[in-house]
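S.K.: Top line first, the protein sequences correspond to chains A and B. The opening position of the first sequence corresponds to residue 1 in the UniProt record's numbering, with each subsequent residue numbered one higher. The opening position of the second sequence corresponds to residue 1 in the UniProt record's numbering, with each subsequent residue numbered one higher.
Hint data in this document are derived by calculation from the structure and do not stem from the laboratory. Worth double-checking, as some hints may not be accurate.
Unchecked claim - Below are the DSS-like pairs computed for lysine-lysine, each with C-alpha atoms no more than 25 Å apart in a straight line:
#1 B:Lys-161 x A:Lys-227
#2 B:Lys-161 x B:Lys-299
#3 B:Lys-299 x B:Lys-288
#4 A:Lys-228 x B:Lys-464
Unchecked claim - Derived DEER-like restraints, expressed as beta-carbon distance ranges:
#5 B:Asn-416 x A:Ile-160: 31 to 41 Å
#6 A:Pro-99 x B:Asn-122: 16 to 26 Å
#7 A:Gly-118 x B:Trp-35: 16 to 26 Å
#8 A:Gln-105 x B:Glu-71: 31 to 41 Å
C-beta atoms are modelled at their ideal positions from N, C-alpha and C, and glycine is treated no differently.
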Amino acid sequence: MKLLKLVPDDTNISFLRWRMPFFIVSGLLILASWALVAFQGLNLGVDFVGGQMIRTTFVGQAEAPVPQMRDTIAKLGYGDPIIQRFGADNEASIRMKLPEGSEAQPDLANTMANRITGALKAEFPDVRIDGVDSVSGKVSEELFRTGLLSLLLSMVAISIYIWVRFEWQFGVGALLALFHDVSLTLGFFALTQLEFDLNIVAAILTIIGYSLNDTIVVYDRIRENLKKFRKMPIPELLDLSVNETLSRTVMTNLSLLIALIPLLAFGPASLFGMTAAITLGIFIGTYSSIYMAAPLLIWMGVKSDSFVPQADASDKAERIARGETA
Amino acid sequence: MLDFPRWKRIWLWSLLLLVSIASLPSLASLGGIAWPEELPDPAINLGLDLAGGSHILLEADTSQIAAQRLETMEESVRTAMRQAEPSIRIGDVSTRDGRLTFMVESAADVDRARELMLPLVNGTGLTREWSLAVVDETRFVLTPTQQGLDEALNQAMDSAKDVIDRRINAIGTLEPTIIRQGENRIVVQAPGQQDPEALKALIGQTAKLEFKLVDLNALPSDIAAGNAPPGSQIYPYADGSPGAGTSIAVRRLGGIKGDNLVGAQQGFDSRDNTPVVNIQFDQQGAAKFARLTTQNVNKPFAIILDDKVLSAPNINEPIRGGTAQISGGFTVESANQLAIALRSGALPVDLKVIEERTVGPDLGADSIRSGLIAMGIGTGLVLLLMIVTYGRFGIYADIALVLNVLMIMGVMAVMNATLTLPGIAGFVLTIGAAVDANVLINERIREERRRGRSVVSAVEHGYKEASRAIFDANITNVIAATLLFLFGQGPVKGFAVVLVIGIVTSVFTAVTITRMWVAGWLRRARPSDINI
């Protein structure tokens with residue numbers, strides 16, 4: 001049987017030759033992402049701003065009566081709800097944020113939710129309440145804080161791990177690549193205005209983990225090649241390492257994508273945002289492993305003689321004894 | 001490396017068999033097959049977002065505890081001074097600014113009053129619950145200590161948890177989980193609860209029942225303006241009660257609290273057949289109730305529930321039997337609900353719902369179905385990709401992947417872990433990522449073959465060289481997933497659990513198990529070339 005080879009043997013693409021243009025593009029994308037986040041803002045879900053998200057199905061109707069629902073809820077005097085299709089045509093989600101100055105009433109979010117579901121049931125006899133999430137201002141603040149904290153902590157923890165296992169340049173390179181991935185994902189959510197909730201934080205943490213997966217495989221090969229080809233110029237050596245691991249990168253990310261795309265297409269509607277974020281993150285993460293994590297090593301001055309693997313002390317002694325230089 | 005001793009093979013196969021067997025009950029329940037009851041069934045729990053149910057987070061108002069303690073202390077002080085021989089007259093009592101102050105009218109009584117106060121300010125243990133000071137010779141100042149307040153809050157939350165427990169059991173919800181969280185919060189999880197609103201109404205009701213005498217001297221204009229006469233306070237009538245929309249003034253002290261109830265049932269009024277709640281007091285409560293009603297025949301007393309007046313009937317005759325009837329515009333349901341709430345005791349403090357997540361059973365079932373379809377398609381495609389890319393080695397990777405899925409289910413079942421909706425996403429992601437280790441190994445074998453190594457040497461190098469990268473890459477994932485677990489909430493935690501288990505099992509199946517098979521095949525077939 002002839003086996004499929006997605007990447008031909010002995011590829012020799014000079015990725016690193018294009019490092020400056022790509023670096024500039026990445027820099028601009030990061031800036032654009034943060035500008036979007038700052039000016040457009042993220043469409044924060046009730047998890048982070050408080051309020052309620054109610055999912056409804058209109059049993060026996062072809063389409064959810066969105067305008068009438070809006071009228072019914074607006075009559076309660078809490079302001080205008082955001083009503084969206086959610087899954088099938090007869091399903092709709094209703095989102096209300098907490099009104100300003102509601103800190104003194106911790107149970108306001110829940111009272112609102114009860115009144116909204118009550119009004120809907122009274123107005124539409126065939127409505128089925130599928131889900132209610134109501135989060136008070138205090139809880140949403142806590143969720144926001146812990147979400148942010150877990151993102152920062154994981155970035156720092158992973159960078160420290162890489163620093164310990166490799167060298168400081170690698171740790172910084174990985175951290176910057178992660179910053180790139182997280183920024184672009186946030187930018188994507190600011191641009192599309194997809195709802196940003198707790199699940200998205202989980203998705204971003206997952207992206208961090210998998211983006212690092214690619215970075216580490218490349219780094220691992222760089223470390224190996226640095227030991228093997230001590231005289232090779234660094235950009236060439238980086239290109240070699242990326243090329244050698246390219247077929248693995250393509251295969252793994254392809255298999256991740258073909259597992260995730262059915263989930264995007266057929267999976268539960270409430271997982272769409274999370275799956276979309278992870279899918280996007282796989283593309284961004286692969287790109288950043290090649291165009292951010294690797295070239296950064298050049299600029300941070302990794303040289304064949306400056307990189308001495310810590311795990312291999314005897315090797316270090318030998319090199320010093322021989323007085324090898326690049 | 002290719003040498004696998006028999007004991008090691010037996011050990012690995014038994015481990016695989018064991019966890020796969022553990023996954024059977026979960027598989028059966030997914031396929032809709034009833035698992036025989038005689039067999040142990042370590043099945044995966046479905047999270048509330050998949051099974052349907054309610055997650056409710058309740059928070060107590062801590063300032064209320066402090067206010068209650070002041071009120072109780074005021075009553076104790078008044079009683080102690082009145083019962084002293086001879087009694088000590090006090091005045092100018094105030095509970096402002098979070099402390100209790102009062103004046104002893106005769107300076108000669110100060111030392112005696114101080115003696116009487118001492119047992120009141122010390123708690124049951126070694127802690128001092130109040131600090132006591134005498135200022136300006138005759139003025140006592142009682143300030144609650146932080147220790148005392150903390151202890152009171154802790155006790156109140158413990159007993160609130162018990163009360164909620166009793167109430168939920170009374171309506172027969174299946175396997176509810178009620179846990180204290182932090183200082184002043186309680187989490188209630190009720191799987192399969194069909195009517196979350198009734199549940200919330202029941203657990204959120206404080207059910208503080210009080211009987212207080214109506215202040216007949218209060219001027220209607222004062223009541224309307226909200227100005228309570230000295231010694232009285234104004235309560236509104238409850239919604240739905242006969243006096244709804246108006247308020248009434250009652251005497252602040254000297255009433256009875258509903259603490260001494262031994263029973264409460266929904267019943268009907270013998271005269272007009274409206275729903276009422278019949279209550280029974282214990283001996284102490286009955287005696288107090290008898291005293292109050294005897295001393296106040298022909299005067300009205302207000303029945304107050306959670307600071308709202310239900311009704312204010314006249315006391316026609318002393319009530320000595322220790323039973324009473326509460327009326328106040330009930331429906332059968334609301335009367336029944338109040339009876340349950342009263343039977344299970346009053347909450348020592350108001351609890352407010354600060355977070356609720358409810359999922360209807362239909363949505364949960366839909367989510368499982370569409371999640372499984374997506375998982376099936378994704379798994380099929382990944383399996384196919386591996387075979388067309390790596391041939392025989394791809395088949396090994398595929399079997400490892402299937403075993404990996406069984407192992408995740410088995411480990412989750414044994415750990416009694418909970419599968420949530422994001423957990424399904426975690427599962428799918430794991431399927432995609434589980435092959436990564438095999439991809440790394442197989443690519444490396446390809447590479448080593450290209451460099452001209454012999455088959456055995458190439459396979460050996462492939463596993464050895466790839467292992468380091470596999471280890472480093474997966475540790476970072478474990479770090480991210482662990483943080484996700486530590487800081488995540490609810491369903492996200494479930495996602496993290498699946499991710500961590502998946503990472504560990506995938507490395508195990510991909511590295512150790514496939515190596516065993518590859519080694520066995522190489523030994524048996526001794527191929528001179530491999531198609532990879």
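S.K.: Each hint needs a verdict: does it hold in this structure or not?
M.R.: Going through the hints against the structure:
no.: 1; hint: B:Lys-161 x A:Lys-227; result: 63 Å, violated
no.: 2; hint: B:Lys-161 x B:Lys-299; result: 38 Å, violated
no.: 3; hint: B:Lys-299 x B:Lys-288; result: 17 Å, holds
no.: 4; hint: A:Lys-228 x B:Lys-464; result: 16 Å, holds
no.: 5; hint: B:Asn-416 x A:Ile-160: 31 to 41 Å; result: 33 Å, holds
no.: 6; hint: A:Pro-99 x B:Asn-122: 16 to 26 Å; result: 47 Å, violated
no.: 7; hint: A:Gly-118 x B:Trp-35: 16 to 26 Å; result: 40 Å, violated
no.: 8; hint: A:Gln-105 x B:Glu-71: 31 to 41 Å; result: 24 Å, violated
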